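Q: Residue strings, one per chain:
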Amino acid sequence: MSTTGERVLIKGNEAICRGAVDAGCQCFFGYPITPQNDIPEYMSKVLPSLGRAFVQAESEVAAANMLLGAAACGVRAMTSSSSPGISLKQEAISYMAGTELPAVIVNISRGGPGLGDIGPSQGDYFQAVKGGGHGDYRQLVLAPGTVQEAYDLIRKAFDLAFAYRNPVMVLGDAIIGQMMEPVTLGSATTPTNVDQDLGWNLQGKGQRHPRLLKSLHLTDGALAGHNIRLRDKYESMERDVLFDNFLVDDAELIVVAFGSIGRIAKSTIRALRASGKKVGLHRPISLFPFPSQELDRLAASGKRFLTIEHNLGQMVEDVRLAIRKHADSDFYGHLPGNLPTPEDFEQPILAALGVRT
Amino acid sequence: MSGYQDVIVAGFGGQGVMLIGTLLAYAAMEDGQNVTYLPVYGPEMRGGTANCTVVVSREDIGSPIIRLPKSLIAMNRPSLDKFQPRVKDGGTVVINSSLVDMDLADNDRLRTVGVPANEIADSLGNTKMANMVAIGAYVQLTSVVPLEVIKASLRKVISPNYAKMIPANEKAIHAGADAVRG
Numbered sequence: 027m028s029t030t031g032e033r034v035l036i037k038g039n040e041a042i043c044r045g046a047v048d049a050g051c052q053c054f055f056g057y058p059i060t061p062q063n064d065i066p067e068y069m070s071k072v073l074p075s076l077g078r079a080f081v082q083a084e085s086e087v088a089a090a091n092m093l094l095g096a097a098a099c100g101v102r103a104m105t106s107s108s109s110p111g112i113s114l115k116q117e118a119i120s121y122m123a124g125t126e127l128p129a130v131i132v133n134i135s136r137g138g139p140g141l142g143d144i145g146p147s148q149g150d151y152f153q154a155v156k157g158g159g160h161g162d163y164r165q166l167v168l169a170p171g172t173v174q175e176a177y178d179l180i181r182k183a184f185d186l187a188f189a190y191r192n193p194v195m196v197l198g199d200a201i202i203g204q205m206m207e208p209v210t211l212g213s214a215t216t217p218t219n220v221d222q223d224l225g226w227n228l229q230g231k232g233q234r235h236p237r238l239l240k241s242l243h244l245t246d247g248a249l250a251g252h253n254i255r256l257r258d259k260y261e262s263m264e265r266d267v268l269f270d271n272f273l274v275d276d277a278e279l280i281v282v283a284f285g286s287i288g289r290i291a292k293s294t295i296r297a298l299r300a301s302g303k304k305v306g307l308h309r310p311i312s313l314f315p316f317p318s319q320e321l322d323r324l325a326a327s328g329k330r331f332l333t334i335e336h337n338l339g340q341m342v343e344d345v346r347l348a349i350r351k352h353a354d355s356d357f358y359g360h361l362p363g364n365l366p367t368p369e370d371f372e373q374p375i376l377a378a379l380g381v382r383t
Numbered sequence: 025m026s027g028y029q030d031v032i033v034a035g036f037g038g039q040g041v042m043l044i045g046t047l048l049a050y051a052a053m054e055d056g057q058n059v060t061y062l063p064v065y066g067p068e069m070r071g072g073t074a075n076c077t078v079v080v081s082r083e084d085i086g087s088p089i090i091r092l093p094k095s096l097i098a099m100n101r102p103s104l105d106k107f108q109p110r111v112k113d114g115g116t117v118v119i120n121s122s123l124v125d126m127d128l129a130d131n132d133r134l135r136t137v138g139v140p141a142n143e144i145a146d147s148l149g150n151t152k153m154a155n156m157v158a159i160g161a162y163v164q165l166t167s168v169v170p171l172e173v174i175k176a177s178l179r180k181v182i183s184p185n186y187a188k189m190i191p192a193n194e195k196a197i198h199a200g201a202d203a204v205r206g
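Protein chains in written order, with the working numbering: chain A, 27 to 383; chain H, 25 to 206.
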């Protein structure tokens, strides 16, 4: 565990591990895939040494269902994978959403479709934000843009998972996972005692009434009532929305970009500001809940928008919905397979500004 | 962008380019600056060329990926061929002249500095320290961090099993700095 306030130079993948350990994560279930392999590697060394559980499962499907089991016991548990592996976990995520289980899933996404490559991509936005499994559900999705945020947001993910009894995904990419940056570590949380009664978890019945955790509701009206309650819960997540605004106040054009693309766009914006272009950046940090209210506010004040993503155009749909009363958003998609650089975003931003070059 | 520096460090796998990139990143953190270190990973690490990008700034850092760097440390010929054309006008290029013909240096556009890193390291007793000679030269030329902080950071990036190598590596860093001191 970490010393509070210590500053360390670590990869994003290691920051996720140290954040999870400091958040009191007791169980990790995983299966190897690049570019997230540093996560199970670190957890396999550290968790057993702390008396906690690391399991390399026989498959991603098994890992996700082990997570479901641990979450049902009320302990802090997580799994991690990368895009194709996350696809395999979707069934269990849907069941956890339906059963209202607190679980943390990390996706250090890679290029796709299919096996794609091992480079960065934002092609999993829809899968993460719209519910990649079957049925009608939402999971909280947090997208770090720095290694410090990777550490902070995985800790927050555990808190939110238990506050809402809901799966939470941390969505990064190969840039966030593989890059090293200084991180200031926080204090370590003591793991929950497995015998602790949270009012819903399965920890041995003893003298109390039996409990049943399930996602199947066959009696008349039961599923309808369940779904109304879930909807109200999803709507209440709005209060945990997170975003970062950079130079938006006097901006004519606001670039909307998340994760590593957000920080790369920041470099472009700084360079364009130096030549007098009034450009700002809105970086959603929580992708669900989406910062729709803030975008609506910015749109109402007359801003124009350009959404930049490392995909064919996914988050741009949520941006357009958010600003639809006042504005529309242009889109620039840098396609996975190419590493994006600040220079790549210059022409799209100038075009959106209406500057002829 | 006060105090902003970025550099691509490139060479053969085994020349220790990732190690000096990490050393620079550590030193920048110890110096109280912001820093990003991005390795090229995957198939390229096995056999072929290796490179990493380090960005150091007093401001918070945007992109950790740099297409047009301000500086380059080229430990071998393929690295110079690949990255020299991308270095920004007036940028600094440290070239390992033990392995690279200095006629290839683009002196018109860039500040190119040849350092016979292998020979210098050899004269100190171990060719493998050529990477340390090169980082010493780069730090002396750019003042990105104090040389003393680079040396002090060796302890952070060299595993305790090799701690006995640290004094020799400090000497190599110094020799690199001396080689380019005006």
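To be clear, the hints were calculated from the coordinates, so they are not data collected in a lab.
Treat the hints loosely; a few may be bogus.
As the list claims (entries may be wrong) - Mimicking DSSO-like on lysine-lysine, the simulated pairs with C-alpha atoms at most 30 Å apart in a straight line are:
id, chain 1, residue 1, chain 2, residue 2
1, H, LYS152, H, LYS106
2, H, LYS195, H, LYS180
3, H, LYS112, H, LYS94
4, A, LYS71, H, LYS106
5, H, LYS195, A, LYS303
6, H, LYS188, H, LYS106
7, A, LYS303, H, LYS94
8, A, LYS259, A, LYS240
9, H, LYS188, H, LYS152
10, H, LYS106, H, LYS94
11, A, LYS351, A, LYS303
12, A, LYS71, H, LYS180
13, H, LYS188, A, LYS304
14, H, LYS152, H, LYS180
15, H, LYS94, H, LYS188
16, A, LYS240, A, LYS156
17, H, LYS106, A, LYS304
18, A, LYS259, A, LYS351
To be verified - Which residues of chain A face chain H? A partial, calculated answer using Cβ under 10 Å:
id, residue
19, MET206
20, ARG289
21, ASP370
22, PRO374
Since this is a predicted model, take the numbers as computed values, not measurements.
By construction, the Cβ of each residue, glycine as well, lies at the ideal position given by its N, Cα and C atoms.
Q: A separate judgement is required for each hint: does it hold in the structure or not?
A: Evaluation of the provided hints:
1. LYS152(H) <-> LYS106(H): holds (23 Å)
2. LYS195(H) <-> LYS180(H): holds (17 Å)
3. LYS112(H) <-> LYS94(H): holds (5 Å)
4. LYS71(A) <-> LYS106(H): violated (38 Å)
5. LYS195(H) <-> LYS303(A): Roughly 48 Å separates the two Cα atoms, so the pair is violated.
6. LYS188(H) <-> LYS106(H): Violated: LYS188(H) and LYS106(H) sit about 36 Å apart, past 30 Å.
7. LYS303(A) <-> LYS94(H): holds (23 Å)
8. LYS259(A) <-> LYS240(A): holds (18 Å)
9. LYS188(H) <-> LYS152(H): Between LYS188(H) and LYS152(H) the Cα gap is close to 15 Å, so the pair holds against 30 Å.
10. LYS106(H) <-> LYS94(H): holds (15 Å)
11. LYS351(A) <-> LYS303(A): holds (26 Å)
12. LYS71(A) <-> LYS180(H): Holds, at roughly 20 Å.
13. LYS188(H) <-> LYS304(A): violated (55 Å)
14. LYS152(H) <-> LYS180(H): Within the cut-off at roughly 19 Å; holds.
15. LYS94(H) <-> LYS188(H): violated (34 Å)
16. LYS240(A) <-> LYS156(A): holds (22 Å)
17. LYS106(H) <-> LYS304(A): Given pair LYS106(H), LYS304(A) is violated - Cα atoms ~35 Å apart, limit 30 Å.
18. LYS259(A) <-> LYS351(A): Holds, at roughly 26 Å.
19. MET206: holds (4 Å)
20. ARG289: holds (5 Å)
21. ASP370: Since chain H brings a Cβ to about 8 Å from ASP370(A), closer than 10 Å, the hint holds.
22. PRO374: With Cβ-Cβ at 15 Å, over 10 Å, it is violated.
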